[in-house]
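A.B. asks: The lines below spell out each chain.
There are 2 protein chains.
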Amino acid sequence: MSGSQDQLSHWIESRKSLLELAVERRFQHVRPVSPVLHEAMVYACAGGGKRMRGLLVLASAHCLGASEEAALPAACAIEAMHAYSLIHDDLPCMDDDDLRRGKPTCHKVYGEALALLAGDALQTLAFEWLGQADSSESIRFRQMQVLAEAAGSQGMAGGQALDLLNVNKSMTLESLKQMHACKTGALFKASVLLGGLSSTAATSEQLQALTAYAAALGLAFQVVDDILDVETDTAVLGKTAGKDALANKPTMVSLLGLESAKHLAKELGETAQVSLLPLGHSAWVLQGIIDQVLKRRS
Amino acid sequence: MSGSQDQLSHWIESRKSLLELAVERRFQHVRPVSPVLHEAMVYACAGGGKRMRGLLVLASAHCLGASEEAALPAACAIEAMHAYSLIHDDLPCMDDDDLRRGKPTCHKVYGEALALLAGDALQTLAFEWLGQADSSESIRFRQMQVLAEAAGSQGMAGGQALDLLNVNKSMTLESLKQMHACKTGALFKASVLLGGLSSTAATSEQLQALTAYAAALGLAFQVVDDILDVETDTAVLGKTAGKDALANKPTMVSLLGLESAKHLAKELGETAQVSLLPLGHSAWVLQGIIDQVLKRRS
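As given, the protein sequences belong to chains A and B, one line each in that order.
Using the working numbering, the letters of the first sequence correspond one by one to residues 140 to 437.
Using the working numbering, the letters of the second sequence correspond one by one to residues 140 to 437.
If you are wondering where the hints come from, they were derived from the structure by calculation, not from laboratory data.
There's no promise every hint is true.
Repeated chains share a single entry, so a pair holds when one copy, or any two copies, can fit it.
What the hints assert, rightly or not - Within a straight-line C-alpha distance of at most 20 Å, the following computed SDA-like cross-link-like pairs (lysine to any residue) qualify:
{"#": "1", "residue 1": "Lys405", "residue 2": "Ala386"}
{"#": "2", "residue 1": "Lys388", "residue 2": "Val175"}
{"#": "3", "residue 1": "Lys155", "residue 2": "Asp237"}
{"#": "4", "residue 1": "Lys155", "residue 2": "Arg240"}
{"#": "5", "residue 1": "Lys247", "residue 2": "Ser275"}
{"#": "6", "residue 1": "Lys189", "residue 2": "Val306"}
{"#": "7", "residue 1": "Lys308", "residue 2": "Ser393"}
{"#": "8", "residue 1": "Lys189", "residue 2": "Gln144"}
{"#": "9", "residue 1": "Lys388", "residue 2": "Glu251"}
{"#": "10", "residue 1": "Lys242", "residue 2": "Asp364"}
{"#": "11", "residue 1": "Lys308", "residue 2": "Gln271"}
{"#": "12", "residue 1": "Lys308", "residue 2": "Pro174"}
{"#": "13", "residue 1": "Lys189", "residue 2": "Arg164"}
{"#": "14", "residue 1": "Lys247", "residue 2": "Pro231"}
{"#": "15", "residue 1": "Lys189", "residue 2": "Arg170"}
{"#": "16", "residue 1": "Lys405", "residue 2": "Ala380"}
{"#": "17", "residue 1": "Lys405", "residue 2": "Leu395"}
{"#": "18", "residue 1": "Lys308", "residue 2": "Gly250"}
{"#": "19", "residue 1": "Lys388", "residue 2": "Asp236"}
{"#": "20", "residue 1": "Lys247", "residue 2": "Cys232"}
{"#": "21", "residue 1": "Lys155", "residue 2": "Glu313"}
{"#": "22", "residue 1": "Lys189", "residue 2": "Ser437"}
{"#": "23", "residue 1": "Lys308", "residue 2": "Val175"}
{"#": "24", "residue 1": "Lys316", "residue 2": "Pro171"}
{"#": "25", "residue 1": "Lys247", "residue 2": "Met233"}
{"#": "26", "residue 1": "Lys242", "residue 2": "Leu394"}
{"#": "27", "residue 1": "Lys242", "residue 2": "Ala209"}
{"#": "28", "residue 1": "Lys316", "residue 2": "Pro174"}
Sequences and hints are given; from them, build the entire structure.
C.D. replies: Here it is in structure tokens:
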């Protein structure tokens, strides 16, 4: 079924609420040995953000005919993994940011040490939540493998290191793309794979199509991030605007200029569209998400 | 077979070398996107330490008749998890320590930001390594679950938070024990379970016996840690001595006094011994490890 704009908005909004609720409920089942640590984890992970990665899990599962119940634990897990990365990214020794999702960052509220631990524990929680799903052990095992490969030194953490080591340096477009492919792309790819794997009938062709889509979408997301960092106010963005230029970080905009960066984002959106072709009409939500990524204002 | 002191020393030394080699080899198979991040991870995880947790994995596997090949990936994984916790624990916002395993701490060599990321990536790597074992998906899945439950907010990270929040506070013996049960005990228990699960024939009675043993041993290990912190030089210890008193942290020694702490360690050793009874003579290495823990000088 191909969806209209209204259908798409309704799908996304309703699934976002569902995901929000699922994250909150899952936290209620965690029996904390330290209530303050638990509070810091909930603060950073529940109630907020675009939930792009979690939505990608649900949309990919939807595309391959898996139930929401099967995909929700993985959607929560990827959001926990993402929340951990944001907490650590915002720490004084990293980006030293005060604002995230329109709220003070975790370390601003709970202090550096507890924020560090909250991030650490959220990473673990991502694996724990994946392990608690209802699906077969084999599916859950493969999902845990996908998540581990995406988050570590060959994926997200590796990309963060490249980011860190390239401050005040010049980068080629290729190495900037590689950095983003690790820092953002790896978790985007993991999201669609986690969703795809929720379907017991997923074929490797389908998973390949999803991966190609996520690679293009992830890079488009990052290019738009770089554009918004230049063009948008802190108040709208919900995080400090203009930080990259201030920190002298190479960005798509600093490398290509604003117009070419916008053109690249559009091109990547088209690549993402084409990647979905093998999946047919059932990919209508994933298609719609491309527009959401390209047109987002925060 | 019951082992003599010589047999035990030989078993431990040979398995420690085997483990050291396995960790190094596994790192050679990680294709780093950031060589510096990779170097920081290797620095913190390879070549050093008592390898107590990894040895517990191997000794538990040995006790239940599993092969070393089956248990080695889990032994490497638990060492990666432990190394991550040490890096983060040593960071300036936590214990702010300069020395670990007789070497400058990771952040002293690579800076805070990269040390943070190295710790993050080592946690992920622990799950990745578990997923790469040769055993059945079902065993690997259960091992990943065990590790996740042990490392998170209800285990190690939760214990770290309790530790942090109790600086300059008075604690009862019970709450100090709970803190150690999370901070140290959880990973000790995970170690014996990971080893035990390497055997396809492990019964729940055997796993329970191993868990009871690890709980007592973990607490004994921590009591001895507190004693060594008071009684031993930095040079022998390989990490800064006297830190706990300086940081005004409640310890077993500050709560009980030195003599009672020593008595408690001995009692816990006996509890660990008794816990092993259902496992019979095949637990001779696990038995021997108790003595090693009680008599260690660093």
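A.B. asks: For each hint, tell me whether it holds in the structure or not.
C.D. replies: Going down the list of hints, with the structure as the test:
1. Lys405 to Ala386: neither (27 Å within a copy, 55 Å between copies)
2. Lys388 to Val175: Between copies only: 19 Å across, 34 Å inside.
3. Lys155 to Asp237: neither (25 Å within a copy, 45 Å between copies)
4. Lys155 to Arg240: within (15 Å within a copy, 47 Å between copies)
5. Lys247 to Ser275: neither (41 Å within a copy, 45 Å between copies)
6. Lys189 to Val306: neither (27 Å within a copy, 37 Å between copies)
7. Lys308 to Ser393: within (12 Å within a copy, 50 Å between copies)
8. Lys189 to Gln144: Within one copy, since 18 Å is at most 20 Å while 61 Å is not.
9. Lys388 to Glu251: between (24 Å within a copy, 19 Å between copies)
10. Lys242 to Asp364: within (18 Å within a copy, 41 Å between copies)
11. Lys308 to Gln271: neither (43 Å within a copy, 36 Å between copies)
12. Lys308 to Pro174: Cα proximity of Lys308 and Pro174: across copies only (17 Å, versus 42 Å in one copy).
13. Lys189 to Arg164: within (19 Å within a copy, 41 Å between copies)
14. Lys247 to Pro231: both (10 Å within a copy, 17 Å between copies)
15. Lys189 to Arg170: neither (27 Å within a copy, 32 Å between copies)
16. Lys405 to Ala380: neither (22 Å within a copy, 59 Å between copies)
17. Lys405 to Leu395: within (14 Å within a copy, 68 Å between copies)
18. Lys308 to Gly250: between (31 Å within a copy, 18 Å between copies)
19. Lys388 to Asp236: within (15 Å within a copy, 30 Å between copies)
20. Lys247 to Cys232: Classified as both: same-chain Cα gap 13 Å, cross-chain 13 Å, threshold 20 Å.
21. Lys155 to Glu313: neither (34 Å within a copy, 43 Å between copies)
22. Lys189 to Ser437: For Lys189 and Ser437, the Cα distance is within 20 Å only inside one copy (9 Å; across copies 49 Å).
23. Lys308 to Val175: Result: close only across copies, 16 Å inter versus 39 Å intra.
24. Lys316 to Pro171: between (40 Å within a copy, 16 Å between copies)
25. Lys247 to Met233: Answer is both; intra-copy 14 Å and inter-copy 16 Å each pass.
26. Lys242 to Leu394: neither (30 Å within a copy, 41 Å between copies)
27. Lys242 to Ala209: neither (32 Å within a copy, 47 Å between copies)
28. Lys316 to Pro174: between (40 Å within a copy, 18 Å between copies)
Comparing the model with each numbered hint stated earlier shows that hints 1, 3, 5, 6, 11, 15, 16, 21, 26, 27 do not hold.
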